[in-house]
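Asks: The residues making up each chain are set out below.
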Amino acid sequence: MAATLLSGTALSVGLAGAEQSGRDGVEATLDGSITPDRLPRRHAAPVFITLSGSIQSSVGSPPPRLSRIELAFGAPGGLSTKGLPVCPRRLLRNATQRQALDRCRSALIGHGTILTEVPLARSRPLLAHAAVLAFNGEARGHPAVWVHAYATAPPVSFVLPFYLHRLRAGGFGVVMRAPVYRALGRWPRLRFFRVTLGRRYRADGVLRSYLNARCPLPPRFHSLSLPLARIRYEFAPSPTVSIPILRACRAVD
Amino acid sequence: MRRTCVRILIAVPVVALLLSASSGAAQGPARQEYVARLEKICRPGSEATQRAVGGTRADVRAERLRLAATKVAKAKTIFSHTVAAIAVVPRPDADRTTLTRWFTALGRETVALERTADALRREDIPSFQHRWADFIHEGNKANNVVVSFGFNYCDFKPSRFV
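Those sequence lines, one after another, are chains P and E. Residues in the first sequence are numbered consecutively from 5, following my numbering. Residues in the second sequence are numbered consecutively from 40, following my numbering.
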């Protein structure tokens, strides 16, 4: 009952100010914000980005299986991993949150919460509200983010791998893709997530930031709604739901 | 003679549309059928909008605001025509209330788009910033009303405008 109440709160929070999209009986949302909310026009400044999303069915039955999730955000050149320690993915497998932190604290780049559902019985699906930590990783020479989720009741520990690609063209600078089905298997199913990414760190004596952004508005403009992020939920066998979000970009001189 | 033929060609689909609207009003189509019908109407408008507003973002950044105004005004005309075309399609009985709310929201979106174009035409940047934010907000609100319908082309997608 407590888990159900908790999940209800999380979902309603997720839906409140978020953009929604639906297709073939699936309703999905995406919300996001950037901190600080005022950014320089010309040079990039360190930022933290918070993204949250939810998935639910509009027809009563559990939503179809999520096979892949793709998240695009930032501007070209906005991601920096130079000198940031890398956490090997194997160190996070079956780890509690404390063990994950003990092993990879220096590679920590984010935190959040996640709600997953195991629809064992249609009327009473098992809900797991897990704490999430995000660590800087590497896969085949490319940056990656290992999202480690851990809950005690019911016991849940898994690693969702996001593979990062820097984009040179288009509206976004970074795309993160996670093969959800390959990583999690048939259960559990993602219902809600909220994650904050960002990290200030020192490397080679220089203070750096994992994420950087600017607000490139013309001189006479002070605020304008611009694309912040886009999510693509790919369900198997269908549908694919894509949600772009725009947020106010506020410039400081 | 040729002019008469053209008039007949235009009149026949309009009459057919009105007839189908009145005959369907008594019973109303199923939601799936309704969505398919609207998507067919929205698709050309959505594609034409994308073509009409191409380069608007660069125009705004370069402060070519009157040029941007022309493009946004064209998008508004396309949008209004599309809304008028889908408004006459018979609605599923069970969804009448929801769809009334949606069409009200689409009306507000049309007004917000018109005001955005107007602010650009006047080169009033503070007003444009405000109206543009309104337009995005109204669009999202309209989407949220009909999220369970699963529209694609009839959904508000800000990416079509930026």
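Just so you know, the hints here were simulated from the structure itself, not pulled from any lab data. Note that the structure is a prediction, hence the values are computed from the model and not measured. Ideal placement from N, C-alpha and C gives every residue a C-beta, glycine not left out. Please note that a few of the clues may not be correct.
To be verified - One side only, chain E facing chain P, incomplete, derived with CB under 8 angstroms:
#1 Asp163
#2 Ile164
#3 Gln168
Stated by the list, open to error - Distance ranges between label pairs, derived from CB positions:
#4 Arg109/P / His176/E: 38 to 46 angstroms
#5 Lys79/E / Val90/P: 45 to 53 angstroms
#6 Leu106/E / Asp41/P: 47 to 55 angstroms
#7 Arg161/E / Arg190/P: 52 to 60 angstroms
#8 His169/E / Ala49/P: 21 to 29 angstroms
#9 Ser65/P / Lys79/E: 24 to 32 angstroms
#10 Thr244/P / Lys79/E: 17 to 25 angstroms
#11 Arg45/P / Arg90/E: 58 to 66 angstroms
Asks: Which of the stated hints cannot be reconciled with the structure, identified by number in ascending sequence?
Replies: Of the numbered hints given earlier, those the structure breaks are 1, 6 and 11, listed in rising order.
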